[in-house]
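Protein chains: 2
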Amino acid sequence: MKLHHILLATTATVVALSAGSAFAQFQKPEDAIKYRQSVFTVLGNSFGKIAAVVKGEAPYNKDEVAKNAAVVATLSSLPWQAFGSGTEGGKAQPEVWSDSAKFKSNAEKMQLAVASLNTAAQSGDLDNIKKAFGAAGQTCKTCHDDFKKK
Amino acid sequence: MKLHHILLATTATVVALSAGSAFAQFQKPEDAIKYRQSVFTVLGNSFGKIAAVVKGEAPYNKDEVAKNAAVVATLSSLPWQAFGSGTEGGKAQPEVWSDSAKFKSNAEKMQLAVASLNTAAQSGDLDNIKKAFGAAGQTCKTCHDDFKKK
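First to last, the protein sequences are chains A and B.
Quick note on this note's numbering: the first sequence kicks off at 1412 and runs consecutively.
Quick note on this note's numbering: the second sequence kicks off at 1412 and runs consecutively.
Since the hints were made in silico from the structure, they are not lab data.
It is possible that part of the hints are untrue.
Put simply, identical chains are the same to the list, so a pair is met inside one copy or across any two.
To be verified - The calculated DSS-like cross-link candidates involving lysine-lysine, where the alpha carbons are at most 30 Å apart (straight line), are:
id, residue 1, residue 2
1, K1439, K1541
2, K1542, K1513
3, K1466, K1552
4, K1559, K1542
5, K1445, K1478
6, K1439, K1561
Build the full structure now, drawing on both the sequences and the hints.
So, in structure tokens, the structure goes:
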């Protein structure tokens, strides 16, 4: 077995184990689906409020943007625990489970990007907020393109 | 007009205005209902994980409880903006709108209680967490008894 095969196998095992233990907290698959969709609904609302400011459709209020960015950052770590094996369905494409390493990588990029957005929002520099918002939005789009049903 | 009548009228106006402007962010009443239910779903999940620790059903892990308490505290300020006039329905009793001053008072007590729970959780004192959890849970129950459909 070559090194990269061992690494891949190890990664797959870790993903499977963490998904399995995370799933255990939900009584039924529907509960996991409802939970992850709820997280994205709340996250999307706050992200959308920042989007309106970035697009110039709403005035920039530092406290409001900082609060919404903190909500997005706090929620960004939550939905992934609800994509465990046996929870297929909802708006998730089968690739979430068949290409879980890529999904996990996307999830990590998103969390890093919204953490940067939060840092920019707390500092209150609108130019930095706009840049960080663009990068964060790109991580949403990339993942939705591959893993969310149209 | 006596002073307490003026105060009541002022409070009612402020509540109505803030509810009105908050509602404006949701395109349709269903969006507001979906949003507030999503907030409570995510909040309840984290609160439930703390409950399991408090009841001794799950081991105490300081970081986990601190994270879940932070999620609850962050989310606690969010649902109220989605109870604006014209968004009646879902699991909300009509009293949310007909007795909005009491509803608002309950909402404020809940936010204070979960802020205390978060403080206790960050400090990592399990006895304090248990006390603060009990007080926070009581604010959930009190409000659900009067304002949530059975």
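The hints, checked one at a time:
no.	hint	in the structure
1	K1439 / K1541	between (40 Å within a copy, 28 Å between copies)
2	K1542 / K1513	within (25 Å within a copy, 43 Å between copies)
3	K1466 / K1552	within (17 Å within a copy, 41 Å between copies)
4	K1559 / K1542	within (25 Å within a copy, 42 Å between copies)
5	K1445 / K1478	both (25 Å within a copy, 21 Å between copies)
6	K1439 / K1561	both (25 Å within a copy, 22 Å between copies)
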